[in-house]
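These are the residues of each chain, in order.
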Amino acid sequence: MTYDVYMHFPVLAIMALFVGAFLVTLSGKREVLRNIIAGAAVLIALTLLALLIKPVMVDGEIITYWMGNWEPVNGYAIGIALEVDALSLFFGLLVAIAVACSCFYSFQYIRQDDARGGYFTLYLMLAGGVMGIVLSGDLFNIYVMLEVMTFAAVGLTAFRTWNPNAREAAFKYLVVGSIGSSCVLLGTALVYAQCHTLNLAQISALIPGRMNPTMVLAFALLFTGFGCKSFMFPFHPIAADAHGAAPSSVSVLISGVFTKTGVYGIIRVSYFLFRSMGLTSMQTGLVFIGCVSMFVCVTMALNQHDFKRLLAFHSISQIGYILTSLGLCTALGIAGGLYHAINHTLFKGLLFLTAGAVLYATGTTYLEKLGGLARKMPQTAALFLIGAFSISGIPPFNGFYSKWMIYQATFEKASETGSIGYALVTVVCVVTSVLTLASFIKVGQSVFFGQMPLEYENVKETPLSMRIPMWIMAALCVFTGVAPNIMINYVIGPATGAVLNFPGYIDAAMGEGYAAATITDTGYLAEPRLLTIGAWNPVNWLLLFVVVLAAVFLVSILGKRDRGEVNCAPDSKHAVFFGGEESQYSHVASGDLFWGFKHNLRGYLGFMSKAHSGVTNDYVLWGVTALAVIILYCFAFM
Amino acid sequence: MNKKWKRDDLIVRSLADNYLPIALVLGFYVILHGNISPGGGFQGGVLAASGVLLLYLGYGFRGIATAINMERMHRLEAVGAIAYVLFAMLGIFAGYNFCRNILWYSGNIGDLWSSGTIALMNYAVGFKVLTGVGFLLLLVIYLLGMGEDEEHDGTIPTMEHEEGGLSK
Amino acid sequence: MMLANYIGAVALVVIGFYAMVMKRDIIKIVVGMGLVDYGLNLMIVSVGFNEGGTAPIYTFGELTSGMYFVDPIPQALTLTSIVIGACVTAMALALCVRLYKEYGTLDAHEIRRLHG
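Going down the list, the sequences are from chains A, B and C. With numbering that gives the first Met the number 0, letter number 535 in the first sequence gets 534, and the count goes up by one each step, no holes. With numbering that gives the first Met the number 0, letter number 75 in the second sequence gets 74, and the count goes up by one each step, no holes. With numbering that gives the first Met the number 0, letter number 30 in the third sequence gets 29, and the count goes up by one each step, no holes.
What the hints contain is simulated information worked out from the structure, not anything from laboratory work. Hints may be right or wrong, so weigh each one.
Stated by the list, open to error - DSSO-like mimics (lysine-lysine), calculated; alpha carbons at most 27 Å apart, straight line: (1) A:597 - A:368; (2) A:459 - A:597; (3) A:609 - C:27; (4) A:368 - A:609; (5) C:22 - A:609; (6) A:368 - A:459.
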C-alpha cells in the first residue's frame with residue numbers, strides 16, 4: 000500500500016460516517032436496513048483507521064492531505080488541511096472503538112424508545128463530527144466540527160420522550176455549551192487577525208515571534224473553550240445532567256469521546272500552537288484545575304442517588320486525572336495522561352453500558368429501589384465488577400497501570416522541582432482513588448448484591464446482542480492491563496513522541512526546512528525520552544492477589560469451629576423498632592453505607608449540594624466567572 | 000392558541016398568492032449566481048424556503064400539509080446531502096484529492112458557468128437547505144398548533160390530499 | 000481603524016452574557032445566546048477590513064496585480080458562523096416549546112428538577 004492510497008483514508012473515514020448518517024435518513028422505517036447501514040459505516044471507519052496504524056505509528060510518517068490539492072504557495076498555506084500524526088491517530092482509534100461497540104449495543108437497546116427514526120442519524124453525525132475534530136489540521140474546521148458534534152449530542156440528550164428530565168438537561172447543555180463554542184470562535188478570530196492563516200502547522204510556526212496581549216487573550220479563550228467541552232471544573236454540572244438523561248449508548252459517547260476532544264484541543268493549543276506549557280505558571284494552573292475537578296466531583300458522587308449521575312461525576316473526576324497529568328509537562332506525565340485517556344474510555348464505556356442494561360431490564364436507575372440483581376443477571380454483575388475494579392486502580396486491570404504512571408509522574412516532578420505542591424498533588428490523587436473505590440463498593444452493594452425487592456423477580460439477563468459489545472470492552476480492559484508493554488511500544492510511545500515533536504508536524508505540512516527557518520527559539524518543553532515505569536509486573540500482582548485470597552479463605556474455614564453462636568433477631572435492622580416482627584426487606588442500600596463518613600462531612604457536602612442548584616443562570620454564571628478568572632490569570636502571569 | 004385556524008382573510012391570501020413566485024425566483028437567482036455575487040447555496044435556500052412561510056400565512060397549516068408532503072421533504076434533504084458528498088468525491092475518483100475541481104474548461108472568470116464543480120456543489124447545498132429549512136418550519140408550526148392533550152409520538156404528520164386543491 | 004466595530008462587537012457580547020446570566024425567562028436566555036453570536040460575527044467581519052479596499056469580486060478583464068481588496072476569508076468564516084447561529088437558535092427554541100409543554104412555566108428558577 001503506497002502513500003498515494005492510504006493518504007485518502009482519513010477523509011474516507013470521516014465521509015463514511017456522514018454518508019451513513021444521510022443514508023439512514025433515507026431508509027426510514029425499515030429497521031433491518033437501517034441497522035445494516037449504521038453497522039457498515041462504523042466498521043468501515045474503524046477498519047480504515049486500523050489500517051493506518053502501521054504507516055503512522057510504527058514507521059512514524061505524518062500524513063498531510065490538502066483538500067482540493069491546494070498546496071502551500073510561497074510558504075503560505077491557502078488550503079484546508081487534514082493532518083494525521085500519531086497523536087491524532089491515537090485519539091481517532093479511541094473514538095472508532097467506542098463508537099463501534101456502542102453502535103452494536105444500541106441496535107437492541109433503543110427498541111424500548113419511540114421515535115427511533117432519528118436516533119442513528121444523530122448518532123452517526125456525532126461520530127463523524129468527533130472524527131473530523133481529531134483528524135483535522137485547520138483551526139476553523141475544528142470549530143465547525145465542534146458545533147456539529149454539540150448539536151448532535153444535545154439532540155440525543157433530549158431524545159427520550161418518556162423521561163421528563165431529558166429536555167431540561169438538553170436545554171442546560173445547549174446554553175452552557177454555547178459559551179464554550181463562542182470562546183473557541185473568538186479565539187480563532189483573534190488568531191487569524193494576527194497570523195492571517197488558519198492552518199495549525201503554520202500558526203505554530205508563526206506565533207512565537209508575534210506574542211502580544213491579543214495573543215494572550217486568544218490563548219485564554221481557546222483554552223477555556225476546549226475546557227468547557229471537556230467538562231473541567233466549573234462546567235461540570237451540565238455533564239451530570241446530560242449523562243443522566245441521555246440513553247446509555249449515548250452516555251458512552253459523551254463521557255468517552257466528547258470529553259476527549261476537549262482534552263485533544265487543550266493539547267493542541269498548549270503544546271503546539273502557543274507552546275506555553277514550558278511556563279511554570281501554566282503548569283501550576285492546569286494541575287490546579289485538574290486537582291479541583293478530581294476532588295470536587297468524587298465528593299459530589301458520594302451524595303448521589305441515581306446510578307448514571309454518579310457515573311457521570313466519576314467520569315469528570317477521571318478527566319481531572321488526565322488534565323493533572325498533562326499539566327506536568329514531562330514525558331512520563333504525557334504518557335500517563337494519554338494511557339489514562341484510552342483506559343477511561345474503555346472502562347467508563349463498560350460501566351455506562353452495564354447501567355443501560357440495568358435500566359433495560361428493570362426500568363429504573365434509582366439506587367434506593369434496586370438491589371440484589373446479581374442473582375438474575377450474573378454476567379452483567381461480572382462486567383460491572385471488572386469495570387469497578389478498573390476505575391479504582393486495582394491490578395491486574397488497566398486502571399492500575401495508568402494511575403501508577405500518574406502517581407509516579409507527579410512524585411518525580413515534586414522531587415525534580417523540590418516544591419511541596421506536587422507532593423500534595425500525589426496525595427490528592429491517591430485519596431481520590433480511595434474515594435472512587437468506596438463509591439463503587441456502595442454502588443455494587445446497592446444494585447447487584449444484597450437482597451432483591453419483590454418487584455424484580457422476573458428480570459432476565461440482558462439480551463445477547465447487548466452483551467457481546469460489553470464483553471468486547473471488558474476484554475480490551477483486561478488486555479490493556481495485562482499487556483502494557485505492547486500498548487507502550489506501539490500506541491502510547493509514538494503518541495507521546497508526537498506531542499513533543501512539533502518541528503516534525505510543521506515540516507510535514509509546509510515543506511522541509513520551514514520549521515528551522517521560521518522558529519526563533521528551539522527549546523524543547525520536556526526531555527523526549529520515556530523513562531521505565533518500574534518493576535511492577537501486573538501478572539505478579541494477580542498471583543499475589545490469588546494467594547492472599549486463598550489464605551484468607553483458608554483461615555476463615557479453619558476458624559469456623561471456634562466462632563461462638565449468637566442468637567439475634569432474624570432481622571437486625573428493624574427488629575428493635577417493630578417489636579420483633581420480621582420485615583421482608585432489609586437491604587442496606589446506598590444511603591446507609593458510609594453514613595458516618597457523610598455525617599462528619601455534612602457541612603461541606605450540604606454546601607456543595609446547594610451550590611449545584613439546577614438553575615440555568617447559575618451554571619452560566621459559573622462558566623462566565625471561570626472565563627474571567629482564566630483571562631485575568633493569563634494576563635497576570637504571561 | 001386556537002386549534003382551528005380560520006384563514007378566510009382575502010387580503011393575506013391574495014398577497015401570498017402574488018408574492019410566492021417572486022420569493023421562489025429570487026431564491027433560485029441567488030443560488031445560481033453564487034460564484035459571481037454575494038449569495039450562494041445557504042442564502043438562496045433560505046430565501047426560497049420563505050415561500051413555505053408565505054403559504055402558511057395565507058392558507059394555514061391544513062392548507063400547507065395537504066399541498067406539501069412532509070415525509071418526502073425529509074427524504075429529499077438526505078438526497079441533497081448525499082449529492083454534495085458525491086460531487087466532492089469526484090475528485091478522488093479522478094485521482095486527485097477530495098473536493099477537487101475537475102471541470103477545468105468552464106469559461107472565463109465572471110461568467111455564470113465558470114466555477115466547475117463548485118457550481119454543482121452549490122446547487123446541492125441550495126437544494127438541501129431549501130428542503131431542510133422548509134421541513135423545519137413546517138414541523139415547528141405543526142408542534143405549535145397541536146394542542147394540549149395530544150402527545151407527539153415521533154412520526155412525521157402526513158395528510159391526505161383533499162379535493163379542490165388550494166384555491167377554494 | 001475599525002475601532003467603532005470592535006467596541007460594538009464587544010458590547011454586544013457583554014450584553015448577551017448579561018442576558019444569559021441575569022434573566023429568568025428562558026426565551027430571554029435564548030435571545031442572549033443569539034446576541035453573543037451576532038457580536039462575534041461582527042468581530043470576525045471587522046478583522047478582515049483593509050482601509051480603502053474594494054469588494055473581492057471581479058471579472059476576467061479587471062484582474063490586475065495592483066488591485067487592493069478586503070480579505071475574503073473572514074467573510075466566509077462569518078457566513079458559516081451565521082448558519083451555525085441560526086441552527087443554535089432553532090434548536091433552543093424547539094426545546095423551549097417542549098419545556099413549556101412539560102413544566103407549564105417559562106421561568107428558569109422553576110425548571111430545576113435536576114439538582115444536587
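Okay, the hints, checked on the actual structure:
1. A:597 - A:368: Satisfied, since the Cα-Cα distance of roughly 20 Å is no more than 27 Å.
2. A:459 - A:597: Violated, at about 35 Å.
3. A:609 - C:27: Holds - the C-alpha atoms of residue 27 of chain C and residue 609 of chain A are around 25 Å apart, at most 27 Å.
4. A:368 - A:609: holds (24 Å)
5. C:22 - A:609: holds (20 Å)
6. A:368 - A:459: holds (17 Å)
Violation of the numbered hints given earlier is confined to hint 2; every other hint is satisfied by the structure.
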